[in-house]
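**Q** Now for the letters of each chain:
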Amino acid sequence: MNEVLLDVDRLTVKRGGRPVLDELTIQVRAGEAIAVIGENGAGKSTLLQACAGLLRPDSGQVRARAAVGYCPQEPGVMELLSAAEHLELFGGSAPRSGARILGRLGFPRADVAGKLARELSGGTRQKLNVALALLDDAGVLLLDEPYQGFDNGTYLDFWELVGEWRDEGRAVVVVTHLLAESGRVDRVVELGACS
Amino acid sequence: MSAKHVLAVAVAHRRELLRRRFAVGMLIALPLAFYASAASAEGSFVLITGGLGVAWALTGTGLFVGLASRRLAPRLVLSGYRPNEILAGQMLLLAGFALPMFAVFTSILLVAEQPAHSLDLVVAVLLTALIAVPLGLLLGSLCRGELEGTLSLIGVLGVQMSLPVSAAGAEALPFYGPMVLLESAYGTQIDTAVAVPHSIVAIGLLTAAAFAAWNRRVRVADVTQSA
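First to last, the protein sequences are chains A and B. Quick note on my numbering: the first sequence kicks off at 1 and runs consecutively. Quick note on my numbering: the second sequence kicks off at 1 and runs consecutively.
Simulated from the structure, these hints should not be mistaken for laboratory data. Treat the hints with care, as some may be off.
[Claimed, not checked] Lysine to aspartate or glutamate pairs mimicking EDC-like chemistry, simulated, CA-CA at most 16 Å apart: (1) B:K4 with A:D111; (2) A:K115 with A:E88; (3) A:K115 with B:E16; (4) A:K115 with A:E85; (5) A:K115 with A:D58; (6) A:K14 with A:E79.
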């Protein structure tokens, strides 16, 4: 059995005194892709934020045994920088690998340096958002509904990529509403009203 | 602290700032407009309005730089940046922006107002610029959004400009030192010995507060540490 890369142990996160996640335990192994589903407010985004270290849990802990790449639901980009300038800022010495990742995601080549983030369509911005999570060759990928705004072709390509990342030995966690794609992942974790 | 990271952040914000031509133009034009509208006022008010104009421009710029990087900063930390490197990069950018601002406002005031003590005016505008940089970044770290930040900026600078240096509590405000020097520059008989030390303390406290608030704002727990 592959090594556990992401270990969520009895994680509890409260918001306004109410537990959003209550003693949640999940393990994701190298070479495994899981989908996290649940109703609005079930704590899907909260789980990913806690796994990325952006939220301090009320109790329990998260341990990652590889670098973590996090793609937030809302594109965390600077509106007045181009994709190339984002790669320069994030990728530092490896802007070429960033350009390759953008290419793999179907980001229009002419837009890499030619358009500012605010001039990109929603789906293209989202590709940049995903690419920034992949730049550090992260072993643990946390993707919060990363396909929003994708056209159908790009959406299918994205799930192909999830399979590739899994085959590369990464641990992939995708928050999704779309049960139709549950066959493309190894496990589905459903969060309840209070998981 | 990685100089490469600090520089990369400064370059990114410089690019973004240069593309906000209208906003930057307004940040410079508004204090100049305040100054022009105060031209007929009596006493030292004209000089104070012009001298503290740099504070409006730089505090406002710092505020918007801080707010603009809110979403991105945690991701930068996840990819290896330290929060202090991000803030230091923003300070570096603002310091670069402060130099021409200092030059423009000082030149205008020296020529137009011909103050009694020119050196006091030059030092006052320089200290104003140096205090405004960490103040803007502190507001950018503390305030929830642009509206709250702008109202806080108007509140701090509005009270500062309307409160005479002789009033009770004036020493508690960040630009007290420059205000004293501007009074002296106008020709008011006033003890200026406290102005520079007060400003140095203000710069130190505001810088420490800006770093503390920023670190709290973009805090990312290292989940890989305990592996």
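**Q** A separate judgement is required for each hint: does it hold in the structure or not?
**A** So, going through the hints one by one against the coordinates:
no.: 1; hint: B:K4 with A:D111; result: 26 Å, violated
no.: 2; hint: A:K115 with A:E88; result: 15 Å, holds
no.: 3; hint: A:K115 with B:E16; result: 13 Å, holds
no.: 4; hint: A:K115 with A:E85; result: 10 Å, holds
no.: 5; hint: A:K115 with A:D58; result: 42 Å, violated
no.: 6; hint: A:K14 with A:E79; result: 32 Å, violated
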